[in-house]
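Keeping the supplied structure of chain G fixed, place chain H with the ligands upon it in accordance with the hints.
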Amino acid sequence: MTLPQFTFLAPTSLTEACALLEKHKGKIKIKAGGTDMIVRLSHRAVKPDYLMSLKKIPNLDGISYTPGEGLTIGALALLREVDLSPLVLEQAQMLARAAHATATVQIRNMGTVMGNVCNASPSADNIPTLVAMNARIVASCGVKEREIPIDEFFLGPGRSALQANEIATAIKVPTLAPQSGVSYQKISPRSKVDIAAVNIGAMITLNDDGECQVARISMGAVGPTPLRARQAETFLLGKKITDETMAEAGRLAAEDAAPISDVRASREYRKLMVEVLTTRALKEAVGFAKN
Amino acid sequence: MKKELITLNINGDDHEIAVHPWRTLNEVLRDQLHLTGTKLGCGTGDCGACTVLLDDQSVSSCLTLAIESEGHKITTIEGLAPEAVANSNLENCELNPIQESFIAKGAIQCGFCTPGMIMSSKFLLEQTPNPNEDEIRAGLSGNLCRCTGYNKIVEAIADAAEKISPTK
Ligand SMILES: Cc1cc2nc3c(=O)[nH]c(=O)nc-3n(C[C@H](O)[C@H](O)[C@H](O)COP(=O)(O)OP(=O)(O)OC[C@H]3O[C@@H](n4cnc5c(N)ncnc54)[C@H](O)[C@@H]3O)c2cc1C
Ligand code: FES
Ligand code: FES
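So the sequences go chain by chain: G and H.
When you line the first sequence up against the numbering used here, it's residues 1 to 291, in that order.
When you line the second sequence up against the numbering used here, it's residues 1 to 168, in that order.
For the record, the hints were derived by calculation from the structure and aren't laboratory data.
These numbers come from a predicted model, not from an experiment.
All the given hints hold, so there is nothing to weed out.
Facing chain H, from chain G, some residues (calculated, C-beta under 7 Å):
| id | residue |
| --- | --- |
| 1 | 5 |
| 2 | 8 |
| 3 | 38 |
| 4 | 39 |
| 5 | 104 |
| 6 | 106 |
| 7 | 110 |
Cβ atoms here follow ideal geometry from the backbone N, Cα and C, with glycine treated the same way.
Pulled out of the complex, with its shape left as it was, chain G reads as follows (with noise of 0.2 Å):
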């Protein structure tokens, strides 16, 4: 269908773009790789009066590894670029499987990691990972930047934490500790190329005597945002990791998500996916842990 009208904007600056949505507060929308944003225009789910692209600005694009910090993903950075780079898969490789495994070869082409993050789908196949992995999310006014670590990230369905005036300009995944591992974990009605029904991101820390130290896991789908299993991770700290753990870690997870049913899974079967795929999630992270 043909899209709505409206002035389309291409500042060449982030002081440019941040001014643009300050004087244009509740009529601009932003689009990255617009594959959300396009859809949304053309079920006229959203109408704003000025479009703005972020392609202009320059320095957003490129993945970067500092030794010690991280990697930095720019808001510009492609999903095929994040599951293709040699920097993600040997400082982050789950990254890349969560950016592999999201949508098709096309949309991988257009789409950014960045947008699925800002585009806060309860369901989006990047954020369980970077929760997992406690990444942390730069904001900038054009004169003020900012790091919104990303549990405070997430405030509703398709809302964030930024502010009218605020860009999401990198994301910030910290460097792993000794001793862990991380595991991406999804399960769609269709195996491949479909919105996940449940998704599951785990990272584990261990101790030299196999004990968990951090256990972070987020799970996808099963409520208004990406939810913590507090109870799970709790339950792990200071436990020695084995199969009843890391089961009974499952059935904890399952009791923390609040899922419900829709057209891709019932909310009984989120609730059992949540128990398997947390418990499967876990035995990959401590492979990984203890390699």
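Using the frame of chain G, we list chain H with the ligands on its own:
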């Protein structure tokens, strides 16, 4: 509202056109430039019928703004067999090897998905010159076909790969 004058580089030729900023690349290709080889199916990124290459990357033209395509190299299905298009003669002219394999292997029924399938195949074979069956199927993850059941398309792509980059 005012139209913007832009230059689109399509299949090697520059086209200077006036477009409204809300026009998609798909609309401009089909309705303004009459390059109707590129199809419009769902209009929401799901079916792949509108696939074109932008700087050699496969994208959905239905989700791409024409105005943002300026400065990029656009390749459509017409660009794969320029001679055939120029002569409007499909009998005695050279097609792209992927197109030939699609015909030879019976991978075309109604043909609506075919241009998109072929553009996705082209991108796939550029990334992965000798794909195995799983890689072919993954490469077509963004293209739907309601007729063929996909098997013939997978065979056609394997056949084209062998012609373009022989393994034996
Ligand atoms: C056919 C199809 C299949 C899909 N499949 C999946 C799937 O399997 N899994 C999945 O998770 N998603 C899927 N998606 C959704 C979408 O492709 C992803 O969310 C994608 O990562 C969005 O990135 P984008 O750059 O295209 O975002 P855009 O559409 O450009 O933006 C998305 C939202 O984020 C905002 N935004 C973007 N960048 C910034 C920024 N830097 N600062 C502030 N706000 C910003 C925009 O205003 C908009 O609200 C699919 C979409 C389509 C069309
Ligand atoms: S028409 Fe563009 S993907 Fe269906
Ligand atoms: S041949 Fe008819 S849709 Fe594919």
